[in-house]
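Everything in the sequence shown is counted per the numbering used here, starting at 1 for the first residue and increasing by one.
No wet-lab data here; the hints were simulated from the structure. Certain hints may be false.
In silico DSSO-like pairs for lysine-lysine, Cα to Cα no more than 27 Å straight-line [said to hold, decoys possible]:
#1 K145 x K210
#2 K219 x K251
#3 K131 x K120
#4 K191 x K251
#5 K145 x K191
#6 K220 x K266
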Amino acid sequence: MAAPVPTYHGIPAVGLGCWMGHVGGAEEAYTMVREALKLGYRHIDTAFGYGNEEAVGRAIRDSGIPRSELFVTTKLTNGHHHRVVEGFENSIKNLGIGYVDLYLMHWPCAADDEGKDLTKADGRDFVQVWKEMEQLLQTHAGQVKHIGISNFSIQNLEVLLPQCSVTPFANQVEVNPYHPQIPLKAYCESKGIQIIAYGPLGQTRRTFLKDPEVIAVAKKYDISPAQVCISWSVQRGTIPIPKSSNPERLKQNITLTTLAEEDFQKIENLHKQPGKHRSSDMMTLMVPGSVWGWTMEEMGWHVNHDGTIADDQ
């Protein structure tokens, strides 16, 4: 029997990711969100940088579902680090749904007005960006409920947290069976920060969906490998936000199964097998050793050129 979708920190524990694999894709995003809402999704995740906020907001409005029943996230893009209020107001206007439940700093990295990546030395200090985001809770109180971060490592959280007046509500990072983020998850939990899992089914590399142990667990429960990974993610207290334009897969992704402890542990420990601890996030693989102008060391990510990850992460 399918397990109900729980809520963590008031967030429905399975969301719909609206990154379409490229900037834009507005009508595809509109159709996907409309279908997902019909199927029972109540957590929608988008971003200014995805180029589809307007379509996502229109789909929400056209659904007829009361706004109070939905949890909607969007994100401050890198090019708005030096103009946080403008970036936020642009997103609110694009969405047209009154308010967002969660507003995230998409990356600790900044870009200039033309979208050119800035080095850490040349970009704006993310602590100052965060302080302006904190002010939104006062100056735009009816338009944003919570603020958080995305793609923050323990290293950068240890810089940010001592200077916060408001602790980030959530940290959205890549999480999947080959990259379970165990130390970061434990650290965030100790600080009361909810982990939201992007890339729960992989991005450029979905090899874990073909992993023999994932397939064996899927056969045992008569579910898909994707459902195994999403159910595992929810069962461990993280919030996966898979994306699919396929109605049947959308339905599967929100149909959870409670895994027996032995099966849960099989998935939890997959990354310990040789060569399996790796990132599938395209941003960690596009420019070897660099993400949005920052080095891997500055990101606090121990990712090799081939995507494999050091054991301490």
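Hints versus structure:
1. K145 x K210: 39 Å, violated
2. K219 x K251: Holds: K219 and K251 sit about 18 Å apart, inside 27 Å.
3. K131 x K120: 18 Å, holds
4. K191 x K251: Measuring from Cα to Cα gives roughly 33 Å; hence the hint is violated.
5. K145 x K191: 19 Å, holds
6. K220 x K266: 13 Å, holds
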